Amino acid sequence: MEQGVLSIAAFTALMGVLSTLVALPLGIGAAFVLARRSFTGKPVVETLLALPLVLPPVATGFLLLQVLGLHSVVGRALDAAGIEVVFTWKAVVLAMAVMSFPLIVLTVRAGFEQVDVRYERVAATLGAGPARVFLTITLPLATRSIVAAAILGFARALGEFGATIVVAGGIPGRTQTLAVAIFNLTEAGRDADAANLLLMSVALAFGAMLLANIIQRRKRAA
Amino acid sequence: MIRLAFTIALRQGGFTLEVADAASVEVLGVFGPSGSGKTSLLEVIAGLRTPDTGHVRVADRLLFSTGQRVNVPPHQRQVGYVPQDVALFPHLDVRGNLLYGAPSRSRVPLPDSRLPTSGFAKASPDTPDSRHDLEHICTTLEIAHLVDRRVADLSGGERQRVALGRALMSAPRILLLDEPLTAVDRSRKDRILPYLLRIRRELHVPMVYVTHDWREMHEIADRVLILDQGRVREVKERRDT
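The listed protein sequences derive, respectively, from chains A and B.
Be aware that the first sequence starts at 1, since it is given in this note's numbering, and climbs by one per residue.
Be aware that the second sequence starts at 223, since it is given in this note's numbering, and climbs by one per residue.
Any given hint could turn out to be false.
Sample of chain A residues facing chain B (criterion: CB under 10 Å; computed from the structure) [stated by the list, open to error]: (1) LEU49; (2) PRO52; (3) PRO56; (4) ALA59; (5) ARG118; (6) ARG121; (7) ALA123; (8) THR125; (9) PRO130; (10) LEU141.
If you're looking for bench data, these hints aren't it; they were derived computationally from the structure.
Everything numeric in this text was worked out from a predicted model, so none of it was measured.
We put the beta carbon where it would ideally sit given N, CA and C, even for glycine.
With the hints as constraints, model all of the structure from the sequences given.
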């Protein structure tokens with residue numbers, strides 16, 4: 001039985017939310033380290049983290065497939081634990097999270113860099129340890145950037161195609177996202193159905209990007 | 223009165239700070255022109271800047287020593303630092319700023335109970351003690367009517383007093399004040415200076431007071447280090463000033 005437009009959109013949005021929930025905390029951690037710490041090899045780490053932005057998404061998907069496949073340590077460990085990832089919804093979340101991660105890191109990092117270190121230094125002299133300074137000073141002062149990063153990450157996840165199709169397969173009813181469904185319908189010559197999905201896709205992406213822009217505009221005005 | 227002793231050598235870019243002093247003081251004044259190393263000295267005492275060599279001791283607590291490999295992090299030094307631009311937290315209201323550094327029950331008490339800690343060292347944001355302390359400090363600095371205001375709505379003089387109150391609420395052993403009156407005009411200066419004298423007289427919190435205004439120094443300090451190009455050029459005791 002064929003999935004309806006709304007069902008595919010809902011699945012895609014849910015996967016987008018889950019991927020953002022996975023990528024955001026990790027992105028915040030990475031962004032903080034990059035914004036506030038100096039260490040040997042930092043340019044290499046920065047480049048590695050930004051790589052999914054410039055690599056063909058299909059290549060990133062292939063890489064993920066290699067990491068999760070039974071020929072790798074990770075794949076074997078997951079298999080031994082009875083966790084199936086490849087060609088399941090988890091692979092969709094993973095592909096989306098990996099692809100939106102660099103965008104999240106870049107946005108949050110810019111937010112952290114705008115937080116004046118004077119506040120963090122004064123907080124430390126008032127008795128706040130590094131964790132408390134981060135949670136009560138740095139994070140609240142970068143809130144707008146973090147919210148904007150979450151929305152951008154979500155929007156990026158919605159449009160994810162290349163990595164998803166390689167690692168999750170685009171199985172109707174199981175792993176088929178909007179982008180994959182549009183591709184499948186176009187391949188099958190069902191342009192009218194594809195156009196419906198396209199409209200839904202545009203609506204979701206437009207809404208998310210508009211929200212991100214409004215938040216960033218407020219940030220500039222503040 | 224507190225015993226403050228330091229020997230500091232710090233090189234940064236083309237600037238070298240080489241200062242030493244040891245004395246029991248109520249208010250140690252650090253006087254000198256811009257670029258003489260006054261702020262760097264305060265930052266070293268606060269733990270915000272690490273010297274190349276030397277030691278810093280406040281009362282009988284060693285805060286930094288290259289010889290003994292001691293470097294107490296800023297959050298464990300119990301110094302009330304008020305930077306030149308006061309840096310009130312913009313996302314908190316005045317009350318939030320004042321209570322930020324108030325010791326909580328989770329904070330490990332200082333091992334040395336002989337140290338002067340002043341009457342509000344036992345404060346906690348959740349106990350009647352802290353309310354009393356907040357009240358006491360707000361009364362002393364006349365900022366009680368400001369506690370629910372946003373930081374952005376404060377005048378220059380009010381910001382200075384709130385920053386002083388915030389530092390005092392953290393129950394510091396010593397206050398480090400970096401040109402606290404520079405950003406305010408002459409008439410406000412005359413209004414804030416009495417609060418500083420009141421902190422000294424009524425709260426008995428020792429201070430290191432940085433300024434390039436000799437009049438302020440004369441009114442508040444009992445010992446003055448005159449810095450020039452990173453070195454102590456002269457030391458004056460109160461009877462000399």
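Holds or violated: ALA59(A) as interface residue toward chain B, Cβ cutoff 10 Å?
-> violated, 42 Å
Restraint check, 10 Å cut-off on beta carbons, for ARG118(A) near chain B = Holds, about 4 Å.
Does the CB of ARG121(A) sit less than 10 Å away from some CB of chain B?
-> holds, 5 Å
Against chain B, with CB atoms and a cut of 10 Å, does the hint on PRO52(A) hold up?
-> violated, 33 Å
Have a go at the LEU49(A) hint: is there a Cβ in chain B nearer than 10 Å to its own Cβ?
-> violated, 28 Å
For the hint on LEU141(A), does the least C-beta distance to chain B fall short of 10 Å?
-> Result: holds, 6 Å to nearest chain B Cβ.
Agreement of hint ALA123(A) with chain B interface, Cβ distance less than 10 Å = OK, holds: ALA123(A) within 10 Å of chain B, min 7 Å.
Hint validity - PRO130(A) Cβ closer than 10 Å to any chain B Cβ = holds, 8 Å
Answer holds if the nearest beta-carbon of chain B is closer than 10 Å to that of PRO56(A); otherwise answer violated.
-> violated, 42 Å
Does the CB of THR125(A) sit less than 10 Å away from some CB of chain B?
-> holds, 4 Å
When held up to the earlier numbered hints, the structure conflicts with 1, 2, 3, 4 and fits the remainder.
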